[in-house]
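J.: The lines below spell out each chain.
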Amino acid sequence: MIWVYAETVDGVPRPISLELLTKARSLGEVTAVALGPGSVKAADQLGAHGAKKVLVHEDAAFRDLLAVPAVDLLATLIEKHKPELILFGMTYEGRDIASRLSARLGTALIANATDLERKGEGYSVISPVFGGSLLVTTVPRTSATPLVLVRPKAFAAEPGGEGKPEIETLTEPVSTSKAPRVVRREKEKAAGPRLEDAAVIVSGGRGLGSPENFGMLEELAAELGAAVGASRAVVDAGWKPYSMQIGQTGKTVKPTVYIAVGISGAMQHTVGMKGAKTIVAINKDPEAPIFKLADLGIVGDVHKVVPQLIEEVRARKRK
Amino acid sequence: MNVLVCVKQIPDPNVPGRLDPATHRLVREGVDLVLDPGDEHAVEAGLQLVEKAGGEVTVLSMGPPRALDALRKALSMGGTRGILITDPALENSDSLSTARAIAAATKDQPFDLIICGTESTDGYSGAVPGQLAELLGLPLLSFAKRLEVSEGKVVIDRQTDDGFDVVESSLPAVVTVTGGINEARYPSLRGIMQAKNKEVKQLSLQDLGLAGQAGKEALTQEVVQVTPAEARKAGTVVEDKGEGGKRVAEYLAELKII
Ligand SMILES: Cc1cc2nc3c(=O)[nH]c(=O)nc-3n(C[C@H](O)[C@H](O)[C@H](O)COP(=O)(O)OP(=O)(O)OC[C@H]3O[C@@H](n4cnc5c(N)ncnc54)[C@H](O)[C@@H]3O)c2cc1C
Ligand SMILES: Nc1ncnc2c1ncn2[C@@H]1O[C@H](COP(=O)(O)O)[C@@H](O)[C@H]1O
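Chain order of the listed sequences is A and X.
Numbering-wise (the numbering used here), the first sequence opens with residue 137 and increments by one.
Numbering-wise (the numbering used here), the second sequence opens with residue 131 and increments by one.
Accuracy of the hints is not assured; some may be wrong.
Some chain X residues well away from chain A (every beta-carbon gap over 12 Å; in silico) [said to hold, decoys possible]: (1) Arg202; (2) Leu338; (3) Pro358.
Label-pair restraints from in silico Cβ distances [said to hold, decoys possible]: (4) X/Arg320 with A/Thr312: 44 to 50 Å; (5) X/Leu385 with A/Ala327: 21 to 27 Å; (6) X/Arg155 with A/Glu253: 18 to 24 Å; (7) A/Lys300 with X/Gly160: 55 to 61 Å; (8) A/Gly361 with X/Lys182: 33 to 39 Å.
Rather than coming from a laboratory, the hints here were simulated on the basis of the structure.
What you are looking at is a predicted structure, and each value in this text was computed from that prediction instead of being measured.
Heads up, the beta-carbon is just placed ideally off N, CA and C, and yes, glycines get one too.
Hey, can you work out the whole structure from these sequences and the hints?
T.: Structural data, given as structure tokens:
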């Protein structure tokens with residue numbers, strides 16, 4: 137029996153939850169745990185992605201307090217049901233909960249997973265190291281339930297469950313002592329689709345030369361209905377917010393097309409985007425490592441290539 | 131206010147890492163070891179707090195004896211004293227052992243705030259701070275890109291996928307900071323000289339009362355295999371002779387993006 141910690145927002149599962157369920161159902165019988173107000177509304181969709189059973193608890197504490205209430209509840213549930221394995225997303229929420237829980241249970245916490253396999257009685261977990269150039273296989277060595285943190289986009293979410301799941305509504309009292317409280321949520325305004333969902337991403341690096349020059353990428357993105365991403369060099373320089381960073385210490389993306397503009401293609405960047413279906417790179421240095429993984433590479437100056445590209449896209453759209 | 135900052139020494143992240151194919155361990159020979167750049171932001175955050183509110187910053191590291199260099203760097207930035215947890219039995223510990231050792235080292239000297247990096251640059255599991263908070267029974271305020279302490283309360287701006295959440299809790303607490311929280315200072319020459327004479331306490335597993343409960347003898351997981359990942363194949367690379375933008379547009383049209 138495999139458990140998936142299913143993150144939801146106002147009763148809507150986050151994409152990572154559906155990704156985890158899709159993988160989990162190929163490994164065994166799956167139970168999802170969904171916490172917070174409205175979580176019962178998520179049950180059908182969790183079922184449609186592979187959860188046979190969904191445990192829900194609708195207390196507002198799971199939404200308003202960080203980690204502690206979820207850890208308390210999960211620790212009790214694990215003691216009672218003894219699942220073989222629990223999958224969490226390697227997200228802000230998943231990491232906080234899984235790390236605390238692993239210390240509570242004295243169990244293995246395996247992070248950065250991009251794949252899992254059944255191995256004899258247990259499971260082995262595969263994670264990339266050194267910018268994804270090597271894959272490391274790790275096995276848990278504890279008798280307690282091991283916890284695995286899976287990177288977003290490691291698996292594609294696909295429906296394919298057996299329909300309506302069994303729902304168990306939990307009502308045990310929730311502890312609220314000592315947990316940090318969320319007092320306000322701020323959203324940074326971003327035009328266009330989210331990086332995580334976009335079919336096309338236009339991403340800029342230091343080769344753009346200045347923050348102002350990012351304007352042309354935004355223009356291009358608007359024409360293509362694309363999201364705009366950035367390399368860490370650009371984020372560190374303060375040109376763009378961290379929420380746009382792609383790579384090892386930023387987001388992992390898997391668009392249909394990724395257009396890298398003025399990005400050298402360092403391992404720590406490419407680990408976050410090499411799952412794209414097609415990659416286009418524009419860079420003036422023919423030796424830039426990004427060309428080693430680009431399906432189409434243009435050796436040229438961004439100031440010439442990008443404006444022409446925008447013009448050409450507009451011209452083709454007018455036709 | 132008494133602040134503890136946890137810092138890790140890691141192989142220079144600008145040099146591509148290698149694993150020993152036989153032992154599956156990181157090759158450390160011939161690679162410079164540095165204070166994790168992510169943890170420099172944690173040190174800086176601690177220093178800024180005590181500069182405002184008074185108090186001291188203790189820096190702690192678990193590692194081999196030469197991790198002392200990382201502590202000296204943190205002390206040269208302005209830390210007051212250091213703690214080095216070092217024991218041959220801790221070699222290749224997993225994160226839970228690291229957290230246990232750090233937790234045990236804080237037992238007889240309570241801190242108002244413990245600051246960590248969100249994740250180490252070499253391991254990037256980000257597991258230690260949450261485990262530490264749990265073992266000490268303290269709140270964890272994670273992914274802070276702003277940190278403020280006043281009137282016995284800690285408030286952070288916590289990074290999210292599309293902005294940030296303002297999160298608060300009582301003290302004492304554990305906080306993890308992101309690289310965006312501050313510019314870490316460079317040690318001054320005076321700071322470097324002073325750091326040489328600052329107290330660094332060394333602790334073994336025995337000293338911590340953890341013999342047999344951390345490190346080699348308490349591994350929760352094991353690496354059983356290391357294999358090269360499949361590389362993506364390169365496609366066409368063309369030089370821009372005035373048609374580069376058009377060529378990309380053509381390709382996007384072939385892909386039915388436009
Ligand atoms: C532990 C660690 C984690 C990291 N995590 C990340 C991460 O998550 N994401 C990330 O992106 N990086 C990450 N990095 C940093 C990474 O190693 C690179 O330093 C970074 O990706 C470089 O960004 P860049 O390609 O924009 O800049 P540069 O490497 O400076 O490359 C700029 C490129 O632009 C080209 N160029 C310059 N001018 C022009 C022009 N006029 N026209 C066309 N091309 C031009 C140059 O040829 C060059 O290839 C990490 C590093 C470490 C050590
Ligand atoms: N060996 C160590 N000694 C001291 N602090 C550590 C050690 N390992 C991890 N930490 C702290 O925990 C944070 C996250 O590291 P990790 O969980 O290893 O990704 C680091 O940024 C440090 O603040």
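J.: For every hint, state whether the structure bears it out.
T.: These are the hints, each one checked on the structure:
With a minimum CB-CB distance of about 26 Å to chain A, arginine 202 of chain X clears the 12 Å threshold, and the non-interface call stands. Under the 12 Å C-beta cut-off, the non-interface status given to leucine 338 of chain X relative to chain A holds; the minimum distance is some 16 Å. Distance to chain A contradicts proline 358 of chain X as a non-interface residue, since its nearest Cβ pair spans about 6 Å, not more than 12 Å. Evaluation of the 44 to 50 Å hint for arginine 320 of chain X and threonine 312 of chain A yields a pass: the beta carbon distance comes to about 48 Å.
Remark: the range hint 21 to 27 Å for leucine 385 of chain X to alanine 327 of chain A is upheld by a beta-carbon distance near 23 Å. In this structure the supplied range 18 to 24 Å holds for arginine 155 of chain X paired with glutamate 253 of chain A, their Cβ-Cβ distance being about 23 Å. At roughly 60 Å, the beta-carbon separation of lysine 300 of chain A and glycine 160 of chain X lies within the given 55 to 61 Å, and the hint holds. Roughly 47 Å separates the CB atoms of glycine 361 of chain A and lysine 182 of chain X, a value that falls outside the hinted 33 to 39 Å.
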